[in-house]
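Could you build all of it, start to finish, from the sequences and the hints given here?
These protein sequence lines map, in sequence, to chains A and B.
The numbering used here numbers the first residue of the first sequence as 1 and each following residue consecutively.
The numbering used here numbers the first residue of the second sequence as 663 and each following residue consecutively.
What the hints contain is simulated information worked out from the structure, not anything from laboratory work.
Think of the CB as a built atom: it goes at the ideal place given N, C-alpha and C, for glycine as much as any other residue.
Part of the chain A face toward chain B, derived, beta carbon under 10 Å:
| # | residue |
| --- | --- |
| 1 | V151 |
| 2 | I166 |
| 3 | H167 |
| 4 | H171 |
| 5 | A172 |
| 6 | F178 |
| 7 | E186 |
| 8 | I609 |
Straight-line C-alpha distance at most 30 Å; calculated DSBU-like pairs for lysine-lysine:
| # | chain 1 | residue 1 | chain 2 | residue 2 |
| --- | --- | --- | --- | --- |
| 9 | A | K568 | A | K472 |
| 10 | A | K106 | A | K472 |
| 11 | B | K695 | B | K678 |
| 12 | A | K585 | B | K681 |
| 13 | A | K585 | B | K678 |
| 14 | B | K742 | A | K568 |
| 15 | B | K695 | B | K681 |
| 16 | B | K678 | B | K744 |
| 17 | B | K742 | A | K585 |
| 18 | A | K587 | B | K742 |
| 19 | B | K760 | B | K744 |
| 20 | B | K681 | A | K568 |
| 21 | B | K681 | A | K587 |
| 22 | A | K587 | B | K678 |
| 23 | B | K695 | A | K568 |
| 24 | A | K568 | B | K678 |
| 25 | B | K695 | B | K744 |
| 26 | B | K695 | A | K472 |
| 27 | B | K744 | A | K587 |
| 28 | B | K744 | B | K681 |
| 29 | B | K746 | B | K681 |
| 30 | A | K330 | A | K555 |
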Amino acid sequence: MTVVIDGREVPVNGERNLLEVIRKANIDLPTFCYHSELSVYGACRLCLVEVEGRGLVASCSTQPEAGMRVRTSTEEIRQIRRLTVELLLANHDESCPTCPKSGTCKLQDLARRLGLEEIRFKPTLRRAAQDRSSPSLVRDPNRCVLCGDCVRVCDEVQGIGAIDFIHRGSHAAVGPAFGKDLNGVECVLCGQCARVCPTGAITPAQEIPAVWRDLEDPSKTVVAQIAPAVRVALGEAFGLEPGTGLSGQIAAALRVLGFSKVYDTSFAADLTVLEEGAEFVRRATADGPLPQFTSCCPAWVKFAEQYYPDLLPNLSSCRSPQQMFGSLAKAMLPDLLGVRPEDLVVVSIMPCTAKKFEARREEFATGGVPHVDHVLTTQELARMMEQMGIRLTEMAPESFDMPLGFKTGAGVIFGASGGVTEAVLRYAAEKLGGAAVEEVAFPEVRGDAGLREATVNVGGRRLKLAVAHGLKQARQIAELVRAGRCEYDLVEVMACPGGCVGGAGQPIPGDFDAVRQRAHGLYETDRGLQFRKSQDNPQLAACYETTLGEVGGEKAHCLLHTHYQSRKRIADEDITLMAGPGAEKVKVRVCVGTGCYLRGSQDLLHGLIRRIGELGLSDRVDVQATFCFEQCDRGPSVAVGDQVLERCSLDTVQEALVSLVT
Amino acid sequence: MSAVTAPSSAPTMVRKFEKVCAILDQHGRDPAKLIPILQEVQEEYRYLPEQVLTFVATSLGLPPARVYGVATFYAHFALKPKGKHVIRLCDGTACHVKQSIPILEAIRARLGLTETMDTTPDMLFTVETVSCLGACGLAPVVVVDEDVHGQMTPESAVALVDAIVEAEGSR
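Set out below in structure tokens:
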């Protein structure tokens, strides 16, 4: 089948819609609301084309048909496009030079492409407050064009729905429920909304000034750790192709920026492989529980804490490579570098917005001092280099500093979906098999599919593996585990499509192909390295000898492992049902969340209210319905005063209540 | 005017919550029934309290932002408590040309309300405008609770308000 586009015949080979056919013909129709991985929305009207016999249609929502004759640029279409952009700008914060998206903003670029010279309409923008509540993301409703990309990526790719359209007409906006800020809702801070946002309405939070301050402070020794995914994407900000490996240039540039030492998060990824691999071998050969979920992705960890608190024992207790590096650096480097612990500053450079949140988790601080002091995204690092005027691509490559800068190929592929699994397999194959294994590549776990399964024979054992990227896919597996129908041994989860290479802190990719190329770049680096199995990393062995003791041992556990906490999705939403007038009252909160509801919490609540009346305690007790205590597996849960009771019956609640009241 | 509506008593709160549970169950906790569920819940509470909306969302397995989005989309749903008496003034084309705005101004002045503050602090009155009641022959129209009053003037509208205030005060 062919269609005729602007007079040229173009073949159609399974493209989903006319827009994709037109783009294949090298006509880059502008769009705000079209992303190939999301559902078609058809709202921005920028992809309008003229189809002979039909008039103007939105090409994103039109199926190609044989012989269709399409014109993409007529005077009428150009006028409509200009008018659309003009109207958007009349309702937009136009302080472009100071917008974080300046230079990469689609609206700005489109105004330039269309040659807009003035906005004829009266500005209608009603100023709304920015949301800077989260450590990872900034929402600026004044720059929103209501394309809904963020709403759809949060719902369709991540399965969360933390933001949605609210109000309507001229009051329409995108935001979290009840006008709350991002920090008060179930957002996991993956930042995929910022990746798809065409304007500056949602952007990664920046902490560049704080890093400059520490770099310039003569009393501080500032060291950098750089995540694997950063090195294959940073070049895009300097005009290079996605996937171009720049480790050497980045190391040199970081030293020019003022970093004393340049280390590699891949080293900590090797460390993760040993610890997580040992944990897996222990679970697989002893008492489980299986599957073991990976815990490198902070967005996934927050997701699990919110939605699957009952599965937290299945999460590997390993800290993420960023945090392993952080605690190890704060433990080792003061002696090694001869600096006072309080003068050591650890800056990580990450492809990720959720890493900013992770670094602020209270588990990852000692005496109030965080193990990782600042987290910069790839975008921010590029910005700092631009601020200084560093010509990254012209730098002579330098090497990373030892010992924390030495890595194996296994630590490098951590940045791609499937990479953590493959790295652990390279370790487990030897550990479970008991002999050295030459074969290091496990192509079964590589690929693009959102949910991949593989069965691998290692050391005579059949291991069933699953690799998920996109939290919606992770949810599928978690539901299987919850239902007791999961046969996997090891499940890798990365929140972002493509894994960390597709993180929201990376330069904005044109399409998913760029993410694929970045992953390819990591696998290429892996192939070229001397060591490709984490257990072969000689610096790692030395590190265990001097600081960490045994793999999986007590010291290692203290520095490299963590614990998780169940987490409320929505803050402050208890429903008060009974508020006694008495002075000293006991607060009873009954969970009516789904898990507890299924276990009969609603009947329990009704019974309890009756019982309190019968006992004559109505003025001594406040009863609230709440959701949830996030211990759904042990419901129904009831809090009596400060005590949370599990698997409650009416009598156990009464007992606890009476003992507290009398 | 004195405060008339006391805060809901404990039995009322419990009864309302049990009603919400019953509404959810009647609709099989089906997310596709969100709008009828919200309508019935609003009949219980006379508005949609935030906590109850979160409870409805959790019970239906929907993100709270989705439920909030639906509740803010339709003018029918109220997210703030409304007064005991709701006065709706029609400002559709026919009523507008028949001088509905002076009526609105007179009612607001009588109750000390403004465009942004539409409910009296004692929770007795809420004053709203609607776009057309389909009773253009009676223009200008004021609806007090369920009763339609046609061919109003600022004076006759204020008299309606006075009558309610008097009735409430004498109880």
